Amino acid sequence: MLPMLSTNPLTPVISCIHRLRRVLSAVVLGLVSPSLLAAWELNMPEGITALSRETHSLHMLIFWICVAIGVVVYGVLIYSLIAYRKSKGAIPATFHHNTTAEIIWTVIPFIILIGMAIPSTRVLTQIYDASESELDIMVTGYQWRWQYRYLNEDGAEVTYFSNLATPAEQYENFSDSIAAEKGENYLLEVDEPLVIPANKKVRFLLTSADVIHSWWVPDFAVKKDAIPGFVNESWVIAEQTGIYRGQCTELCGRLHGFMPVVVEVKEPAEFDAWLAEKQAAAQRIADAASQTFTMDQLMEQGQTVYNTYCMACHQANGQGLPPAFPALAGSAIAMGPIEGHIGIVLNGKAGTAMAAFGAQLSAVDLAAVITFERNAWGNNVGDMVQPVDIVTAQGE
Amino acid sequence: MATGHDAHHHGPASGITRWFYTTNHKDIGSMYLWFSFAMFLLGGMFALVIRAELFQPGLQFVDPNFFNQMTTMHGLVMVFGAVMPAFVGLANWMVPMMIGAPDMALPRMNNWSFWILPFAFTMLASTLFMDSGAPNFGWTFYAPLSTTFAPDSVTYFIFAVHIMGASSIMGSINIVATIQNLRAPGMTYMKMPLFVWTWLITAYLLIAVMPVLAGVVTMMLFDIHFGTSFFSAAGGGDPVLFQHVFWFFGHPEVYIMILPAFGIVSEIIPTFSRKRLFGYDSMVYATSSIAFLSFIVWAHHMFTTGMPLAGELFFMYATMLIAVPTGVKVFNWITTMFKGSISFETPMLFAIAFVVLFTCGGFTGLMLAIAPADFQYHDTYFVVAHFHYVLVPGAIFSIMAAAYYWLPKWTGNMYDENLGKLHFWLSFVGINVLFFPQHFLGLAGMPRRIPDYALQFADFNMVSSVGAFIFGFSQLLFLFIVVKTVMGGKKATAEVWEGAEGLEWTVPSPAPYHTFSTPPAIK
Numbered sequence: 001m002l003p004m005l006s007t008n009p010l011t012p013v014i015s016c017i018h019r020l021r022r023v024l025s026a027v028v029l030g031l032v033s034p035s036l037l038a039a040w041e042l043n044m045p046e047g048i049t050a051l052s053r054e055t056h057s058l059h060m061l062i063f064w065i066c067v068a069i070g071v072v073v074y075g076v077l078i079y080s081l082i083a084y085r086k087s088k089g090a091i092p093a094t095f096h097h098n099t100t101a102e103i104i105w106t107v108i109p110f111i112i113l114i115g116m117a118i119p120s121t122r123v124l125t126q127i128y129d130a131s132e133s134e135l136d137i138m139v140t141g142y143q144w145r146w147q148y149r150y151l152n153e154d155g156a157e158v159t160y161f162s163n164l165a166t167p168a169e170q171y172e173n174f175s176d177s178i179a180a181e182k183g184e185n186y187l188l189e190v191d192e193p194l195v196i197p198a199n200k201k202v203r204f205l206l207t208s209a210d211v212i213h214s215w216w217v218p219d220f221a222v223k224k225d226a227i228p229g230f231v232n233e234s235w236v237i238a239e240q241t242g243i244y245r246g247q248c249t250e251l252c253g254r255l256h257g258f259m260p261v262v263v264e265v266k267e268p269a270e271f272d273a274w275l276a277e278k279q280a281a282a283q284r285i286a287d288a289a290s291q292t293f294t295m296d297q298l299m300e301q302g303q304t305v306y307n308t309y310c311m312a313c314h315q316a317n318g319q320g321l322p323p324a325f326p327a328l329a330g331s332a333i334a335m336g337p338i339e340g341h342i343g344i345v346l347n348g349k350a351g352t353a354m355a356a357f358g359a360q361l362s363a364v365d366l367a368a369v370i371t372f373e374r375n376a377w378g379n380n381v382g383d384m385v386q387p388v389d390i391v392t393a394q395g396e
Numbered sequence: 001m002a003t004g005h006d007a008h009h010h011g012p013a014s015g016i017t018r019w020f021y022t023t024n025h026k027d028i029g030s031m032y033l034w035f036s037f038a039m040f041l042l043g044g045m046f047a048l049v050i051r052a053e054l055f056q057p058g059l060q061f062v063d064p065n066f067f068n069q070m071t072t073m074h075g076l077v078m079v080f081g082a083v084m085p086a087f088v089g090l091a092n093w094m095v096p097m098m099i100g101a102p103d104m105a106l107p108r109m110n111n112w113s114f115w116i117l118p119f120a121f122t123m124l125a126s127t128l129f130m131d132s133g134a135p136n137f138g139w140t141f142y143a144p145l146s147t148t149f150a151p152d153s154v155t156y157f158i159f160a161v162h163i164m165g166a167s168s169i170m171g172s173i174n175i176v177a178t179i180q181n182l183r184a185p186g187m188t189y190m191k192m193p194l195f196v197w198t199w200l201i202t203a204y205l206l207i208a209v210m211p212v213l214a215g216v217v218t219m220m221l222f223d224i225h226f227g228t229s230f231f232s233a234a235g236g237g238d239p240v241l242f243q244h245v246f247w248f249f250g251h252p253e254v255y256i257m258i259l260p261a262f263g264i265v266s267e268i269i270p271t272f273s274r275k276r277l278f279g280y281d282s283m284v285y286a287t288s289s290i291a292f293l294s295f296i297v298w299a300h301h302m303f304t305t306g307m308p309l310a311g312e313l314f315f316m317y318a319t320m321l322i323a324v325p326t327g328v329k330v331f332n333w334i335t336t337m338f339k340g341s342i343s344f345e346t347p348m349l350f351a352i353a354f355v356v357l358f359t360c361g362g363f364t365g366l367m368l369a370i371a372p373a374d375f376q377y378h379d380t381y382f383v384v385a386h387f388h389y390v391l392v393p394g395a396i397f398s399i400m401a402a403a404y405y406w407l408p409k410w411t412g413n414m415y416d417e418n419l420g421k422l423h424f425w426l427s428f429v430g431i432n433v434l435f436f437p438q439h440f441l442g443l444a445g446m447p448r449r450i451p452d453y454a455l456q457f458a459d460f461n462m463v464s465s466v467g468a469f470i471f472g473f474s475q476l477l478f479l480f481i482v483v484k485t486v487m488g489g490k491k492a493t494a495e496v497w498e499g500a501e502g503l504e505w506t507v508p509s510p511a512p513y514h515t516f517s518t519p520p521a522i523k
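Protein sequence lines correspond, in order, to chains A and B.
Our numbering applies: residue 1 is where the first sequence begins, and numbers increase by one.
Our numbering applies: residue 1 is where the second sequence begins, and numbers increase by one.
These aren't lab readings, by the way, just hints derived from the structure by calculation.
If a hint is listed, it holds; no wrong ones were tucked in.
Listing some non-contacts, in silico: residues in chain B with all C-beta distances to chain A over 10 Å: (1) 17; (2) 169; (3) 248; (4) 387; (5) 473; (6) 477; (7) 495; (8) 506; (9) 510.
Restraint-style ranges between C-beta atoms, simulated for each label pair: (10) B:130 to A:269: 51 to 61 Å; (11) A:104 to B:241: 39 to 49 Å; (12) A:104 to B:189: 23 to 33 Å; (13) B:218 to A:356: 22 to 32 Å; (14) B:470 to A:75: 25 to 35 Å; (15) A:378 to B:118: 47 to 57 Å; (16) B:512 to A:93: 28 to 38 Å; (17) A:110 to B:470: 35 to 45 Å.
These figures come from a predicted structure and were not determined experimentally.
The beta carbon of each residue, even a glycine, is placed where N, CA and C say it ideally should be.
The whole structure should be built from the sequences, with the hints applied where relevant.
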């Protein structure tokens, strides 16, 4: 659980002093994991697409031009500082103007800039050509997760969320007890990655359900803002299979640092098999909406859904982080009439951070999480919500 | 109040009311400078909270929401509270003395423009103690994070920005009026010291863009409280419109924070090179060109928002062009030193470091201008490193250089040269340890504004945090040096520096309360 510290600015200061000892002792004892020592990465990745390599070489071209200019400029500067020291008896010259020199150092940079602009324009024009894609995927940013929806496919629609999979024990190091050891892909791992086929042009249509996010995979050299109410496009032809990791790069609220992007590139045949399996699963979920579940089933599934979608704000113990994120334990809504509870979960609450989950979760998950909230943390209302209730409410 | 022909016989009023009622440009300049230093320390404390949290992976000290409040408040306080008022303070002190004017043209407005600032920042800082917490949407406050999804304290933030804007506009009107009307006879435009020139251009930039900032926060206010939808697509608005309007203010704002620095460095380098500034005319033209270009490059902050190709290309080309006049300035400074007779007093050290490190920030700026490469750099630590290189060893170092350069004129005492050099070297090392590794972090893929990071970013973050604490605590030494100089020290001559030229060096040190009540003769 993340403690609520923002209301009192002194709390972090006090806890700073308290924890500084632990941090310093970690340094002294060399507890910074040895496996990290190989991580002095200096440069941009070349990536696995033609455009990412082009971008990388553009980056290196400009870098080396800057280095060359730097060598000349800093060279003259350092020479002057050494050669014309007053302490060495330097007598100042009296010149203060030289039209020829000034024209030269205006024109030469201009020519260099033209040399940079030409390849940049070429690469940019290629990046902007998103036509003739073979697969379209809708990428929707949410606070704080990504939703992927496969478009233009026959059969049941495949749509799912990609949530941070790093357990909270690994990143919540507030307490003095030893935190769980951080995994290899700490903060860059998700429960379900985006899956795309290799060597096919995949177009991403990016938008957002709340604030502006930005979807970035460094190895694709793809970074595009996901803007609520608008659709941006970007594309990739991934040339190597494997798992590629990135992050949201536009500040999007409290857990901006905790919504990674993970893309798995599969061979086209494997991708087709994967998609067929996802479509079958989607069909099963749609069918499940007509089933009736027991209290235990709903509570178990509800706990899982709650931990993924609700816990960041309302907290594991249901106490929330008032006033922004109210408590659910003992809340009038969670213990009140069932229709009101369903309504707020489906439609959200305007003007607050409470999102409309009706479009995000399946009927089964919605029924389960509402049942869970009505019967957890001492909210012993005792009633159940079935998927059919959700479908009915959504139809109204 | 001092009026008429006997003004120069009057000293300052006594007691605390001197500071409330003063219309004297030197008093007001001092207040601006002390205020900005206080804000520098406050903003620095916020930065140290950030760097402490980022010392190691994991959340150690603060909740992510509080972390976001720290990044936001750090940016706002440093930009609007530390850098801008410091330059206005220097302008207040130096512009009248440099052009041979008795005071600022609009002394009462001068008092007003300063005294509303403490209220603005008290209002802004008070949000830290509110239930909702302080603004947490970054100093660029992009909608809808800053509107629909903002904490309640956003309204206080909006009014604080309004007051800061009003203060800046009044300050700039005053500077323009002073420079255009109160120059001593014979002080033609092309004889004005470059600090005066750069401030004249800066003042026009401020008058042009601060109302745009006021406009954008007012649109936010209406979206939040009065049901409009300027920045909400649901009501027919556009979140990207916010960014266009913000950066139409924001990019000139960047130059507002660096042009006076150019002026300061153009004063200091000739003095300690004992040689006239090389290419005075081209300096003036280059500054004007930069100011003009600053109005047509704003959307290079928005390359990833999905602008059309033609827009991307236009803003890429225009941004690259800025390298030309900026290069001219750097070449002129270096040529001024070339074949000079250079000595290395503290102001000169800061000025040389400015030239070296600002150029470094210029290089990364050029890299960022390249739109396809910017897709990789955008919103990563590479950008953080870039703009801190132009703002800290750029703007901040120039302000420190100016403080050491003119402190003997202000106080009549020489500062402690050894301590000054110690302060310089601590700052120089600290700043590079702090910001240089951030280039690598950004290129390797670390986004900005995150409270926790993947393990491959751990080492450079730790190095960066160590640099932050070195740099941060070194500034207490600066405070000590300044206070020590105000209290006493070796008496300064009128000229102070061997190679110094300009009207400010013709008056005694410390400068009398009223200077140039009768205009000086200009050669």
